[in-house]
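Colleague: Just so you know, this note's numbering puts 202 at position 201 of the sequence shown, and the rest follows in order with no gaps.
Don't read these hints as lab results, they were simulated from the structure.
What you are looking at is a predicted structure, and each value in this text was computed from that prediction instead of being measured.
Just so you know, even glycine gets a beta-carbon here, dropped at the ideal spot from N, CA and C.
Since no wrong hints were added, every one of them can be taken at face value.
So the derived label-pair ranges between C-beta atoms look like this: (1) 161 - 266: 41 to 49 Å; (2) 504 - 447: 56 to 64 Å; (3) 260 - 43: 46 to 54 Å; (4) 568 - 259: 44 to 52 Å; (5) 40 - 368: 45 to 53 Å; (6) 368 - 313: 20 to 28 Å; (7) 164 - 301: 44 to 52 Å; (8) 379 - 260: 13 to 21 Å; (9) 338 - 443: 19 to 27 Å.
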Amino acid sequence: MIDNSTVPRTNIEGSCDILPGPEDARGLASMLRDGRLLPEEALHRALLIERESGERLEAVVTRLGMISEDRLVAELARFSGLTAVGAEAFAATPVEGPELSLAFLRDIRAVPVGLTGEAVRVAVANPFDPFVVQAFAFMFQRRVERVVGRASDIDAAIERLYHGSQASDAAVDDAVDDEDLERLKDLVSDAPVIRAVNRLIANAVDQRASDIHIEPGDDGLAIRFRIDGMLRDAGRLPVAMRAPLVSRIKVMARLNIAERRLPQDGRMRISVRGHEIDLRIATAPSIHGESVVMRILDRSKLALDFAALGFDAVLTGRLREAITRPHGIVLVTGPTGSGKTTTLYAALAELNAPERKLLTVEDPIEYRLDGVIQTQVNPAIGFTFGSALRSFLRQDPDVMMVGEIRDTETAQIAVQAALTGHMILSTLHTNTAAGAVSRLLDMGVEPFLLGSVLTGVLAQRLVRRLCADCRIPFDPREGAPEALRPLLEAQGIRCLYHPAGCARCGGSGYSGRIAILEFLRVDDAVSRLVLRRADTRELLAAAEQGGMRSLAADGVAKAGEGLTTMEEVLRVASGES
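Please take these sequences and the hints and turn them into a complete structure.
Modeller: The following block contains the structure:
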């Protein structure tokens with residue numbers, strides 16, 4: 002178990018403003034709306050294009066002819082209180098200072114135009130982008146003064162002045178990577194680097210991301226967020242930030258910043274907007290530097306209620322009946338990232354009572370649960386799922402949750418534990434509920450033992466939940482996928498929904514995720530089939546006779562309720578009907 006006192010803690014305030022986030026587009030959008038420069042319909046269309054294509058909003062509105070460049074520059078200058086400049090204000094040669102990446106300048110659409118005393122003067126196409134100020138302040142180590150220029154003039158100046166700078170990117174990176182350890186420690190303590198990491202995490206939390214991907218490349222760091230199961234671009238950082246930013250994250254997670262050749266795993270606890278969040282950190286070496294993935298574990302958003310996860314009343318009753326038996330095995334199956342652990346946590350919350358002792362063996366511990374003894378495996382010292390399960394039997398538990406049944410040893414110990422009066426909850430990586438039975442038999446579990454202890458198997462997938470504010474109804478006879486029409490007709494569904502996109506869902510048409518499920522209840526008929534090693538098709542047929550609804554059928558039902566789309570159901574459950 003991880004001791005909370007050893008987990009690094011960081012407080013992240015809302016004032017961090019290094020990584021470009023939605024504020025730059027929102028500020029420009031507010032100006033266009035408040036100044037009545039664009040009709041609401043045109044602005045909504047431009048924001049959708051910006052969201053889907055990744056093109057900057059100022060580029061979208063001028064490219065589509067919604068507003069002229071000159072008018073946009075004049076309004077930006079007036080609204081921001083900055084000076085507007087023409088092409089004559091741009092330098093004839095690159096401004097003296099650090100070498101700048103062509104790709105980076107193209108991405109942020111800003112270019113230095115001069116040095117004035119203690120400041121660097123920068124022409125920007127969008128003065129609402131806070132990243133520009135922080136990036137140039139970090140690279141020039143000077144105060145930044147902004148002026149507003151036409152995007153076309155800025156683009157032309159970038160190409161004219163920096164077109165030959167691509168080859169220098171690797172040299173800049175090498176200069177950072179070759180710094181000695183003491184210099185790297187100084188870099189990770191610099192305010193711009195700290196703000197960069199803080200803003201990165203705060204942006205991800207604000208956008209409901211489950212993971213932050215930091216990916217090094219020739220021209221800097223690409224930042225992507227996984228939101229509702231899908232990766233989305235979230236900005237870029239310059240080459241000069243590559244080593245300091247990754248090292249700062251490693252320091253926060255108490256990893257070795259001098260070791261860049263081997264993958265490392267760590268964890269940290271931070272405070273964002275006043276509530277604590279755990280982050281799981283994984284680094285991996287690449288040809289351009291270290292890649293980092295940060296898993297966000299926000300306990301305040303952990304749903305421990307079956308209904309919130311997507312269970313209807315019938316399925317909730319069946320699962321509750323299975324897990325509240327005095328002994329047995331209940332399994333949750335599905336691919337990685339399908340919400341299996343969350344479902345097990347919901348089951349533990351259902352069982353958590355003073356009269357029961359609950360133990361978990363996990364790899365790793367994702368969320369901390371009150372009233373539950375949680376332990377993390379450590380294979381390096383021989384503490385595996387199997388050995389942990391065996392030792393926990395001497396702890397007088399009523400319920401044990403095993404993160405995953407990975408091997409024959411764990412499977413056989415789980416069966417023995419169930420036979421001796423314990424309830425075992427665990428996961429397997431199989432596509433269907435019926436497939437879990439075959440997997441356990443293949444692991445060497447005897448059929449007569451499995452048939453007597455297996456209580457139920459739940460298979461699940463996660464689909465994106467439609468935004469209730471902007472979903473669009475349509476007649477399924479006109480646009481439903483051919484493969485799912487028989488299920489639509491069988492359930493009598495007369496209305497389905499398309500995603501649209503609005504301010505509430507960030508233009509994606511989806512907000513959150515929901516599970517589609519199938520639950521195989523091991524009754525006498527299924528138990529007899531297990532005893533004679535029946536194949537998956539026979540088990541499936543018997544389960545459906547007993548009232549089981551398949552993954553595809555459950556997905557179609559949820560699409561009919563307006564909770565998701567048929568495309569989402571096909572994406573995760575095609576071939577599982």
